Amino acid sequence: MNEKNKNGKQNENEEKKPGQDSNELVRRIAEKKYEFGFTTDVHTEIIDKGLNEDVIRLISEKKGEPDWLLQFRLEAYRYWLTQTQPTWGHVHLPEIDYQAISYYADPTAKKGQGNKEQEIDPELMKTFDKLGIPLEERLALSGTAVDAVMDSVSVKTTFKEKLSEKGIIFCSISEAVKNHPDLVQKYLGSVVPPKDNYFAALNSAVFSDGSFVYIPKNTRCPMELSTYFRINARNTGQFERTLIVCDEGSYVSYLEGCTAPMRDENQLHAAIVEIVVMDNAEVKYSTVQNWYPGDSEGRGGVLNLVTKRGDLRGVNSKLSWTQVETGSAITWKYPSCVLRGDNSQAEFYSVAVTNNHQEADTGTKMIHLGKNTRSTIISKGISAGKSQNSYRGLVRVGKHADGARNYSSCDSLLLGSQCGAHTFPYMDIHNNTATVEHEATTSKINEDQLFYCNQRGISTEEAVGLIVNGYAKDVINKLPMEFAVEAQKLLSVSLEGTVG
Amino acid sequence: MTSELQYIELYNEASDLIKSKSCPVMNTVRDEAFATFQRLGFPSKKVERYRYTDVDAAFAPNYGISLSPLTVKPSAYIYNIQEAPIDVTPYYHRIADHTDAITALNTALVHDALLVYVPKNTRVEDPIVVDNWLRGTAATMMNRRVLIVMEQGADATLIINDHAADKQRFLTTQVIEVFCHDNARLDLYEIEETTPLCSRFSNVYIQEGRDCNVKHNSITLFNGQTRNLCDVYLQGENSEVTLNGCAIATGSQRIDNNTLIRHEVPNCTSDELYKYVVDDKAVGAFAGKILVEKDAQKTSSHETNANLCASSDARMYTQPMLEIYADDVKCAHGSTVGVMDEAALFYMRQRGIPEAEARTLLKNAFMGQVIDQIKYEPLRQRLAVKVEKRFRGELEKCDDCRLCK
Amino acid sequence: MLIIKNLHAKVGDKEILKGIDLTINDGEIHALMGTNGAGKSTLSNVIVGNPAYEVTEGSITFNGQDLLAMSTEERAHAGIFMSFQAPIEIPGVSMTNFMRAAVNARREALGKEPLKSTDFLKVMREKRKLVEIDQKLMNRSVNEGFSGGERKRNEIFQMAMLEPSFCILDETDSGLDVDALRIVAEGFNKLRTAETSAIVITHYQRLLDYIRPDFVHVLINGQIVKSGTAELAQQIEEQGFDWIKEELA
Numbered sequence: 002m003n004e005k006n007k008n009g010k011q012n013e014n015e016e017k018k019p020g021q022d023s024n025e026l027v028r029r030i031a032e033k034k035y036e037f038g039f040t041t042d043v044h045t046e047i048i049d050k051g052l053n054e055d056v057i058r059l060i061s062e063k064k065g066e067p068d069w070l071l072q073f074r075l076e077a078y079r080y081w082l083t084q085t086q087p088t089w090g091h092v093h094l095p096e097i098d099y100q101a102i103s104y105y106a107d108p109t110a111k112k113g114q115g116n117k118e119q120e121i122d123p124e125l126m127k128t129f130d131k132l133g134i135p136l137e138e139r140l141a142l143s144g145t146a147v148d149a150v151m152d153s154v155s156v157k158t159t160f161k162e163k164l165s166e167k168g169i170i171f172c173s174i175s176e177a178v179k180n181h182p183d184l185v186q187k188y189l190g191s192v193v194p195p196k197d198n199y200f201a202a203l204n205s206a207v208f209s210d211g212s213f214v215y216i217p218k219n220t221r222c223p224m225e226l227s228t229y230f231r232i233n234a235r236n237t238g239q240f241e242r243t244l245i246v247c248d249e250g251s252y253v254s255y256l257e258g259c260t261a262p263m264r265d266e267n268q269l270h271a272a273i274v275e276i277v278v279m280d281n282a283e284v285k286y287s288t289v290q291n292w293y294p295g296d297s298e299g300r301g302g303v304l305n306l307v308t309k310r311g312d313l314r315g316v317n318s319k320l321s322w323t324q325v326e327t328g329s330a331i332t333w334k335y336p337s338c339v340l341r342g343d344n345s346q347a348e349f350y351s352v353a354v355t356n357n358h359q360e361a362d363t364g365t366k367m368i369h370l371g372k373n374t375r376s377t378i379i380s381k382g383i384s385a386g387k388s389q390n391s392y393r394g395l396v397r398v399g400k401h402a403d404g405a406r407n408y409s410s411c412d413s414l415l416l417g418s419q420c421g422a423h424t425f426p427y428m429d430i431h432n433n434t435a436t437v438e439h440e441a442t443t444s445k446i447n448e449d450q451l452f453y454c455n456q457r458g459i460s461t462e463e464a465v466g467l468i469v470n471g472y473a474k475d476v477i478n479k480l481p482m483e484f485a486v487e488a489q490k491l492l493s494v495s496l497e498g499t500v501g
Numbered sequence: 059m060t061s062e063l064q065y066i067e068l069y070n071e072a073s074d075l076i077k078s079k080s081c082p083v084m085n086t087v088r089d090e091a092f093a094t095f096q097r098l099g100f101p102s103k104k105v106e107r108y109r110y111t112d113v114d115a116a117f118a119p120n121y122g123i124s125l126s127p128l129t130v131k132p133s134a135y136i137y138n139i140q141e142a143p144i145d146v147t148p149y150y151h152r153i154a155d156h157t158d159a160i161t162a163l164n165t166a167l168v169h170d171a172l173l174v175y176v177p178k179n180t181r182v183e184d185p186i187v188v189d190n191w192l193r194g195t196a197a198t199m200m201n202r203r204v205l206i207v208m209e210q211g212a213d214a215t216l217i218i219n220d221h222a223a224d225k226q227r228f229l230t231t232q233v234i235e236v237f238c239h240d241n242a243r244l245d246l247y248e249i250e251e252t253t254p255l256c257s258r259f260s261n262v263y264i265q266e267g268r269d270c271n272v273k274h275n276s277i278t279l280f281n282g283q284t285r286n287l288c289d290v291y292l293q294g295e296n297s298e299v300t301l302n303g304c305a306i307a308t309g310s311q312r313i314d315n316n317t318l319i320r321h322e323v324p325n326c327t328s329d330e331l332y333k334y335v336v337d338d339k340a341v342g343a344f345a346g347k348i349l350v351e352k353d354a355q356k357t358s359s360h361e362t363n364a365n366l367c368a369s370s371d372a373r374m375y376t377q378p379m380l381e382i383y384a385d386d387v388k389c390a391h392g393s394t395v396g397v398m399d400e401a402a403l404f405y406m407r408q409r410g411i412p413e414a415e416a417r418t419l420l421k422n423a424f425m426g427q428v429i430d431q432i433k434y435e436p437l438r439q440r441l442a443v444k445v446e447k448r449f450r451g452e453l454e455k456c457d458d459c460r461l462c463k
Numbered sequence: 032m033l034i035i036k037n038l039h040a041k042v043g044d045k046e047i048l049k050g051i052d053l054t055i056n057d058g059e060i061h062a063l064m065g066t067n068g069a070g071k072s073t074l075s076n077v078i079v080g081n082p083a084y085e086v087t088e089g090s091i092t093f094n095g096q097d098l099l100a101m102s103t104e105e106r107a108h109a110g111i112f113m114s115f116q117a118p119i120e121i122p123g124v125s126m127t128n129f130m131r132a133a134v135n136a137r138r139e140a141l142g143k144e145p146l147k148s149t150d151f152l153k154v155m156r157e158k159r160k161l162v163e164i165d166q167k168l169m170n171r172s173v174n175e176g177f178s179g180g181e182r183k184r185n186e187i188f189q190m191a192m193l194e195p196s197f198c199i200l201d202e203t204d205s206g207l208d209v210d211a212l213r214i215v216a217e218g219f220n221k222l223r224t225a226e227t228s229a230i231v232i233t234h235y236q237r238l239l240d241y242i243r244p245d246f247v248h249v250l251i252n253g254q255i256v257k258s259g260t261a262e263l264a265q266q267i268e269e270q271g272f273d274w275i276k277e278e279l280a
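Top to bottom, those sequences are chains A, B and C.
According to my numbering, the stretch in the first sequence is residues 2 to 501, in order.
According to my numbering, the stretch in the second sequence is residues 59 to 463, in order.
According to my numbering, the stretch in the third sequence is residues 32 to 280, in order.
Because the hints were derived from the structure by calculation, they are not lab data.
Model, not experiment: these values are computed from the prediction.
Ideal placement from N, C-alpha and C gives every residue a C-beta, glycine not left out.
Possibly wrong hints are sitting among the right ones.
[Unchecked claim] Computed Cβ-Cβ distance ranges for the label pairs, DEER-style:
1) Ala-115/B <-> Glu-139/C: 45 to 51 Å
2) Ser-358/B <-> Asp-55/A: 55 to 61 Å
3) Met-398/B <-> Ala-225/C: 38 to 44 Å
4) Ser-148/C <-> Lys-356/B: 46 to 52 Å
5) Lys-356/B <-> Gln-456/A: 20 to 26 Å
6) Val-443/B <-> Lys-167/C: 23 to 29 Å
7) Lys-167/C <-> Asp-184/B: 31 to 37 Å
8) Asp-475/A <-> Gly-122/B: 57 to 63 Å
9) Lys-356/B <-> Glu-175/C: 49 to 55 Å
10) Ala-115/B <-> Lys-167/C: 50 to 56 Å
11) Glu-139/C <-> Asn-325/B: 52 to 58 Å
12) Thr-87/C <-> Ser-358/B: 52 to 58 Å
13) Asp-430/B <-> Gln-266/C: 33 to 39 Å
14) Asp-240/C <-> Glu-435/B: 47 to 53 Å
Please model the complete structure; the sequences and the hints are all you need to start from.
Have a look at this one:
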């Protein structure tokens, strides 16, 4: 993976900084740090900037969508118009000029329609190669099926046939709309309604592509399903939409990875992920989010404003969110669980690293509605540089959720004196048989540990990486193997140059 | 959002009267405070620090405002502000939050204030006790203001008891400002034992200099609707603050405590423990923020909120928060909402203790942790008895003989 | 006299007791042995009325009363006492207050006046000496910070205070060294009268060296599969349970 990345760094931001000053090392590291900041030269069809009903009709038309979906979009758009951008959260969200964004970019659009899968631009293949995601099935990570989304369009889904033997549907959502319209219509917006919040409404109006997964009854998905998202084109927003339905007695593990090129301006990413878990089914959703965080001065970077929610509709259903967040200039994200089915279980494991000027306001909501429901929240925040890292979470136990239990643990680690670490948990308990526990600690990195490492000849930087990885271990361990290795590397890289 | 109108009208009509009964130091800030209130209106539930209390509804009924003069029995250290032995200008309405609507309303309407003043290096052995008796023949609004000035090295214990003497609707707003100069110590107890007809909105602001130690104990034994705010500003190094809270709510009582501890300088310690037992249809809310500013290195802070929901209709909201901008700190908070320990209940019942009694013992033990923090021994003993009575349902039975306690 | 007939019980969805028949006359000591998970603790919890266990079939009578119709505390007032395998900590409730509440609740149930404080403390002092338990433990919360041995001794102390007629010693020997075991067992022997009956649950012979059982029962898979005299315990100590299982097969 590293080898491939080396080629990828050339295109962007190679300007030489003159200073021989002591900060140079730090700066070099900071620049080096974002390894996925290259752009790809492919012919990309981008529709004109701006947002209005015609643009939405155009998107819908380009995707050949049925009328109900167009109406879904228009209704969301009309609602969105009535709302204002939210100001809550411990982040400084800039005024976003929604008219300065192009809402559709298709890097696969070469010559009209054509069969996209067979004619993938070689440049595009190279892009995903650089990212370490080979789309050729023979090169693929063992046991992982990949759906790759660049800008607005799903580029290729691997292993589709093999999965379809088991009745598993894994394809882009656009394809699903065409081939499985009933399923999509039944579940789309049923977990995150278009009027859920400002960004959900925006996404519902303009969502471009994303993955669709359906696991039929009593099926254990034989491989990890995976989507890689990449923003490439300039001045585009990415509004992907993922819908996962895991039917009775089934199991699936789903991975999501994200990268973007380095650009001076902010890029908007407003995604929705909806997960439906039926009786006795289990879904594991893992994210390694490494969107471009902006440079060391806080210029550019992705505004990551996503709504992720799982609906544990069935009895004994299980859902776990695991996320490693190192990227984005601003993250506003609360993967949540509605524990509707009796005995359902939900987990949220999160590591969020912020450095330089990054701001993250992330956490989860656990809404207990069913009886004997259980939820666990483990959050590890690591702040460095001038960043602000907040955990925000809600645990609500409804009136009829007898025997509900929640355990939350939110720890923050501070590296450096310019950053902030904040914890804002909310607990609303409407049932007297519930047991809810929350604990949180905030401390700085242990200097004795650092010294011990130093004495053994380990550099401070390396030691920080080691200690942080140890600190985040509870969460990393929840990731599938290939992802865990990647996540560990990311953590170390994200924090280079922060101590000493 | 219409309740503010009657207060705006009231002020427009009665401000001259209020001013005539008041003193220059209070009148100087009055109009501005009123303008603030007029601008803000009552906070809706969208205002973060008021999300658990419906302020508008509480202020909606028509109350008569009490303008009777504050009578202070002559005793050392307690004064009517109009007879203050010191210039209170540097203190009055200085640390109170000028962006809080309740504080603004209080500042606009209050005509008299109590001053507790302990001079330099004075150690007051016996506790200073303030008994507030709510009395009235009609629904009455009381606006109460207390200024506490602890000069350098002063040391005192202050107990403020809130009672309602009449079965009447009472609405109280209260603002307490506490100034602790270097090396001062203060143990402040606020004990509310009123009736379900009472609404209380209390804002306490505490400022500490160097090497200070303040303990604030908020005990809500019996009430109607209570919303207590306590903000602490640690502005001198090596100071400590302890916030203790005991909240017991039954029936349809509501208790909402909202605290903020702001560490502005290095090397300070804060400790916070709030416990709630909510039963019947009662609602409890706790929100506590520890804020550590950028330069407040070596801060040590610990916050715990533990709650027992004793009935299926009771509700508890809890929100412990850490907001930290310094790196060399040790901060932790924990919050639990739990049920009674079934194994302990069973153990006690196996020994023959009836279930109801076993539950009372466990509730009492749960709250005991807060009561044990009370430093002043006679008060601790008295409150231990009262808390137990409260859990046995014996406190409210004594409704009619409240005056003779 | 305790009579158990065709007792079935479950925890959650799992049936643990599958038809127990057992009669214990006044003054008799019955040892209950068996493999882990056989249902020994379940049986004792059902007798004392732990709400976590559900009786699905059968009956238990105690001195002619229908035990299953009585609450946990009513059973305690009737004279049933369990020495817990793992006595729980109750922070904030002092031993003294706890014991006072228990003693007076029983007295009230028996139609007696509550003990006066001074009398109560006197009784505490006497009983404490009997089981050699330290006064300083009495000032603490129930079982809080007690060592394993102190907890077991505290159980016997409570037995002394409550003077039950029927006791269950649930693995009272677990976690005790030889000296502590002797003190606890001797304490029990000192307290029992000619009418006191008991179920002693244990894995080991050594407790039975101190408390001689009149009968020994082997519980396997929720049923009593073999009963005998003290010699049976000796045999199990030497040979384990496999030979009994083989006999059954």
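Verification of the hints:
no. : hint                                : result
1   : Ala-115/B <-> Glu-139/C: 45 to 51 Å : holds (46 Å)
2   : Ser-358/B <-> Asp-55/A: 55 to 61 Å  : holds (60 Å)
3   : Met-398/B <-> Ala-225/C: 38 to 44 Å : holds (40 Å)
4   : Ser-148/C <-> Lys-356/B: 46 to 52 Å : holds (49 Å)
5   : Lys-356/B <-> Gln-456/A: 20 to 26 Å : holds (25 Å)
6   : Val-443/B <-> Lys-167/C: 23 to 29 Å : holds (25 Å)
7   : Lys-167/C <-> Asp-184/B: 31 to 37 Å : holds (34 Å)
8   : Asp-475/A <-> Gly-122/B: 57 to 63 Å : holds (60 Å)
9   : Lys-356/B <-> Glu-175/C: 49 to 55 Å : violated (33 Å)
10  : Ala-115/B <-> Lys-167/C: 50 to 56 Å : holds (54 Å)
11  : Glu-139/C <-> Asn-325/B: 52 to 58 Å : holds (56 Å)
12  : Thr-87/C <-> Ser-358/B: 52 to 58 Å  : holds (55 Å)
13  : Asp-430/B <-> Gln-266/C: 33 to 39 Å : violated (55 Å)
14  : Asp-240/C <-> Glu-435/B: 47 to 53 Å : holds (52 Å)
Checked against the numbered hints above, the structure breaks hints 9 and 13 and satisfies the rest.
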